[in-house]
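Asker: Chains as they are written, first to last, in numbering that gives the first Met the number 0: chain U, 0 to 412; chain V, 0 to 317; chain C, 0 to 432.
Keep in mind that a hint or two might mislead.
Here are the simulated DSS-like cross-link-like pairs (lysine-lysine), alpha carbons at most 30 Å apart as the crow flies [what the hints assert, rightly or not]:
| # | chain 1 | residue 1 | chain 2 | residue 2 |
| --- | --- | --- | --- | --- |
| 1 | U | 68 | C | 209 |
| 2 | U | 408 | V | 273 |
| 3 | U | 115 | C | 182 |
| 4 | U | 27 | U | 124 |
| 5 | U | 115 | U | 27 |
| 6 | U | 124 | C | 182 |
| 7 | U | 198 | V | 273 |
Treat the hints as calculated values from the structure; they're not laboratory data. Note that the structure is a prediction, hence the values are computed from the model and not measured.
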Amino acid sequence: MKIFKKLTAMVMATGVFIGSSAFADTVKIAFIDPLSGPFATQGSNGLAEWKYAVETLVNENGGVLGGKKMEVVALDNKMDGKESLVQVQVAIDQGIRFIAQGNSSGIANAITDMVKKHNKRNPDKRVIFLNYSAVDPALTNDKCNFWHFRFDANADIKMDAITDVIAQVPSIKKMYLIGQDYSFGKAVAAAAEKYLAEKTSIEIVGNELHPIGKVKDFTPYARKILASGADAVITGNWGADMVNLGKSLKESGFDKPVYCYYCAAVGITGTFGAAGNGMLHLVGEGLHNPSPSAAFTEYHKGFKAKYPKWDLSQPRIINATQMLAKAIEEAGSATDMVAVANALEGMEFDSKILNTKVIMRAKDHQAIQNMHVAIHTDDVDIDYDNSGYGMKIFKTVEMASMDSPTTCKMKRP
Amino acid sequence: MDLFIINVIDGLIYGLLLFMLSSGLTLIFSMMGVLNLSHAAFYMLGAYLAYQISIITGFWVGLIVAPLLVTILGAAVERYGLRRVHQYGHVPELIFTFGLFFVIEELVQYIWGRSMVNYNSPESLDFIAFNLAGGSIPAYKVFMLLVSVGIFVALYYVLARTRVGMIIQAALSYPKTVEALGHNVPLVFMGVFGVGTGLAGLAGVIAGPSLTTFPGMAFLLGSIVFVCVVVGGLGSLSGAFIASLLIGWLQTFAASYNVGAGDILIALGYEYPKDIYYHPWRDLWTLTLPQIGPILPYILLVLVLVFRPNGLFGKRES
Amino acid sequence: MACLVRGSLKRKIMNNIIQKSALSAYVPWVVSAIVLSILPFIFTGGGAITIMNQIGITIVLAMSYNMLLGQGGMLSFGHAVYMGIGGFVAVHVMNIVENESLWLPLPLLPLVGGLVGLGFATIIGSFSTRKAGTVFAMISLGIGELIAACCIIITVFFGGEEGISGDRTMAPPTFGIEFITQKEVYFLIAFWVLISVFCMYLFTQTPVGKMANAVRDNPERAEFVGYSMRWVRFVSFCAAGFFAGIAGALFAINYEILTEQNLNLNMSFQVLLATYIGGVGFFLGPIFGAILFTLLQTVIGLQTDLWALYTGIVFILMVMFLPAGLTGLFAMHLIPMQLGRLGMLVRPYAKIFIPGLAFLIGSIALIELINHARHHGEEQFMTLFWIEFDTKSFLPWIVFTLMVVVGFYISRIIAREVTEAWGEATFVEGERR
Chain U
0 MKIFKKLTAM VMATGVFIGS SAFADTVKIA FIDPLSGPFA TQGSNGLAEW KYAVETLVNE
60 NGGVLGGKKM EVVALDNKMD GKESLVQVQV AIDQGIRFIA QGNSSGIANA ITDMVKKHNK
120 RNPDKRVIFL NYSAVDPALT NDKCNFWHFR FDANADIKMD AITDVIAQVP SIKKMYLIGQ
180 DYSFGKAVAA AAEKYLAEKT SIEIVGNELH PIGKVKDFTP YARKILASGA DAVITGNWGA
240 DMVNLGKSLK ESGFDKPVYC YYCAAVGITG TFGAAGNGML HLVGEGLHNP SPSAAFTEYH
300 KGFKAKYPKW DLSQPRIINA TQMLAKAIEE AGSATDMVAV ANALEGMEFD SKILNTKVIM
360 RAKDHQAIQN MHVAIHTDDV DIDYDNSGYG MKIFKTVEMA SMDSPTTCKM KRP
Chain V
0 MDLFIINVID GLIYGLLLFM LSSGLTLIFS MMGVLNLSHA AFYMLGAYLA YQISIITGFW
60 VGLIVAPLLV TILGAAVERY GLRRVHQYGH VPELIFTFGL FFVIEELVQY IWGRSMVNYN
120 SPESLDFIAF NLAGGSIPAY KVFMLLVSVG IFVALYYVLA RTRVGMIIQA ALSYPKTVEA
180 LGHNVPLVFM GVFGVGTGLA GLAGVIAGPS LTTFPGMAFL LGSIVFVCVV VGGLGSLSGA
240 FIASLLIGWL QTFAASYNVG AGDILIALGY EYPKDIYYHP WRDLWTLTLP QIGPILPYIL
300 LVLVLVFRPN GLFGKRES
Chain C
0 MACLVRGSLK RKIMNNIIQK SALSAYVPWV VSAIVLSILP FIFTGGGAIT IMNQIGITIV
60 LAMSYNMLLG QGGMLSFGHA VYMGIGGFVA VHVMNIVENE SLWLPLPLLP LVGGLVGLGF
120 ATIIGSFSTR KAGTVFAMIS LGIGELIAAC CIIITVFFGG EEGISGDRTM APPTFGIEFI
180 TQKEVYFLIA FWVLISVFCM YLFTQTPVGK MANAVRDNPE RAEFVGYSMR WVRFVSFCAA
240 GFFAGIAGAL FAINYEILTE QNLNLNMSFQ VLLATYIGGV GFFLGPIFGA ILFTLLQTVI
300 GLQTDLWALY TGIVFILMVM FLPAGLTGLF AMHLIPMQLG RLGMLVRPYA KIFIPGLAFL
360 IGSIALIELI NHARHHGEEQ FMTLFWIEFD TKSFLPWIVF TLMVVVGFYI SRIIAREVTE
420 AWGEATFVEG ERR
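My request is simple: use the sequences and hints to build the entire structure.
Answerer: Written out as structure tokens, the structure is:
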């Protein structure tokens, strides 16, 4: 009998087969991203950032709602859409009301769709989706909904910042656009075409998409780019597609700037090393060379002490954590999702750590913040991948795309 | 024209790399009648082992030691795994190598982590060999070319001119007779599997720095190698050679020329639709050659298998 | 032990038990129906129901896959394609129903998916089933890659990598049910699982179904009977496509979204893994495989990031030592049961259980410890088997290593006893041992 009891306890400990009630004493955030498989590096890095942010920024400052702790519950979605939806359901079942996800716009799209339907069908168990990294513009345009909040700048905003910078480089006359053949890659290309035409007289000498994660050898692409006489390249590639493209360009003798969305940290900076010097130009929020504030330097030091392997590659997680805590305080509840969402909507937040104002735009739930363009170099205080190389800011665009239009028609409860 | 020449060279280098993989696969298939689905996993293993060794001793030691380690591992897999499964039949053998692919891939991530590793070409080869048509060919690529050609020549020599090669070729068609003549056929099997996987390992060692050493590398290259051996004809070494080069060029040229379906349709007299974003045929109109380049080999694979199930140069019934 | 299963007489006994006595009666079907309808009241959490829904979908898919691999001896690397296509069409139909241009109650949607799967399988099967073995496997691989690539390129139908989503609740209510909750969907899936498994069982009883086994075991002899091997393979292939399509539509109903990930190579590989672990030689094998695989992926996956490694190792060990899969393990015991000698095995099994378990736990713990030390070194404490301990101390390392070594050593000694007892328990008069 004793053994039986123990077994029951074991089964219950897995926490899946029992509908555990919402824990009154903690506010839980379900972190749903890849923690196993080839994309686990991105997921694990993000998880470390979330955990550290929640611990130091909320819990060590007395928690929320008069002493409630916040907790990050990691759920592995294996970079798979179906598995993500299963894990969202598991999270909801455990009484978790906040879903954080970032890797892959496709998965973000599946989750936002599910959250929308779930909230409509289960008004007493509503959840909020904190999108901290998926940047497909559609998520805050045609596919926007009231429960989705994006803390990263979307692909359009990033392109707006990139083209602001490019417009000031007179040597760039010809531009080559290359990207992965899916919604995000197409969004980058469309935004580049639009903003380059608006702001500059740069000629686009190439605009192409290649299959995502299928190209083994990027040499022919590099040859073509070289032959086109391009003065710079814009790409939204990530992961191995980014590294291989960059390496092939370098090997083929291309020594001009490559403007990119995802060409730093999670192994990429380390793999490029000296080869990326002067070539890679990263656009992003919260970049930190030089450090934005003394508070950030300290925060970074603490993070590195706890997670020496990982980097603060997604500083928006700091904003997301602080803004969520603030919204819960303002709403006076961590279970009334309408109140929390209303508090987040339109929130203006002064980030002391990242030294920027963040506005969660009410009309589409897109965060507006300072954007930076930075260059790959070893002349940095804070490196990535412990490689000695990092991203040094050379241009900041304040409150980028503040008044950009949106096609979002949000239905509010 | 300049771009054409440089593409020919790039395609050749890539094709020869594919051949290094497909030659081992063909060797194993012609010997044992089993398509080693875990072949690309050994390729990955070679790259990671070489990376580990190169940290300690530099690139050149890794170039020699890593393929040897993979050979030993491959031989062990044959001896303790495949030989056991052989008794259950043909499909279980295929399934075994399929499972092996997963286990090796996971083991590599277990040991070396899930992010890409910084495995680079040696500094002594870090210069531009020659310039051609505005593009440069790095010395490392020339090195890759030379190694691949060397492997082809060596394989050809061993199989056609040496005693071991004779035994292998004989065991291929008449295993019973060869055994009756006093040769140790199981040992030959083990050796061939070891050498075959060792070749894949060598391919990994030299491709790792150029095509990036990362957890998805085996999956990325995995199925294309099967295309090479199947299109070339299962069990035919020269077939695999020609098919590898063919696919190398096919992919290189498909990526190089932006032929759009829209241009062709217009040339055929169709009118470009006004509101392309809502047009039912929008995907066809915007289709370009680089977009479908990587799937061309699979179209080739299906076509060959449907119309010539033994491959372009194959003789052997599977 | 595995080779014991190969004894022809024993196989006959087993087949008799499994095929005849078990499934042709109505009792097991009624019992399954009752069990299926009770389950959601035992495991009440929405998470549990979601997982059971997933298991149900995987069961239909794995069973349909087994029509190829287990019944027909065809190794396919592209089976997810038929599920995916069926699912995509189902979502499109769902959207058409939402626009009220078509009247179709939701419970009939799987039929649509099935017919689409059947249609597509008919087209592909017309040329791919000409040969079995490696040629068939390679064509399936090529088709799988092609369709997955088309999925990204043809956005009108497949919606790119974001996929196509629908809303199941917009269909006309069935007996007042709108399929809003997970539980309502569970019953729909359970109903279709039962129907599909029953139909697949009926298929094995048809002449073509029986010939499929014969073609798998001995193609030449099967040809002499007068059946065309190709025709038998083709029919099996189409039927498998039909049931895969049903699984796809069930997926569409449950998740309301389909993406490229539903029909890519990775998904096809998962089907193969699940089916094989369950046991391809037996009709009911894939059911166990589907349950175990889904639990490994979804429940164990929450506990460790090494779930895929464990799955791979289990798979390889299965192929090497237990080619008949999990069900094979159970089925083996039908022989001593039939001979009334099951009792002889209890004692040796009980004896090997504890050292075996110690070995297993010790090995898993060591694997996890090394993984922790290598990749999560920054965290001092880790939890294993619900016990938290300090990874920086030597104690856990020593304890687990001891468990592995001692457990292995003792198991090996007792294993001999088990083998002997097994030999005695399965000894059949007149058969060579």
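Asker: A separate judgement is required for each hint: does it hold in the structure or not?
Answerer: Each hint tested on the structure:
no., hint, result
1, U/68 to C/209, "violated (63 Å)"
2, U/408 to V/273, "holds (26 Å)"
3, U/115 to C/182, "holds (19 Å)"
4, U/27 to U/124, "holds (14 Å)"
5, U/115 to U/27, "holds (20 Å)"
6, U/124 to C/182, "holds (16 Å)"
7, U/198 to V/273, "holds (26 Å)"
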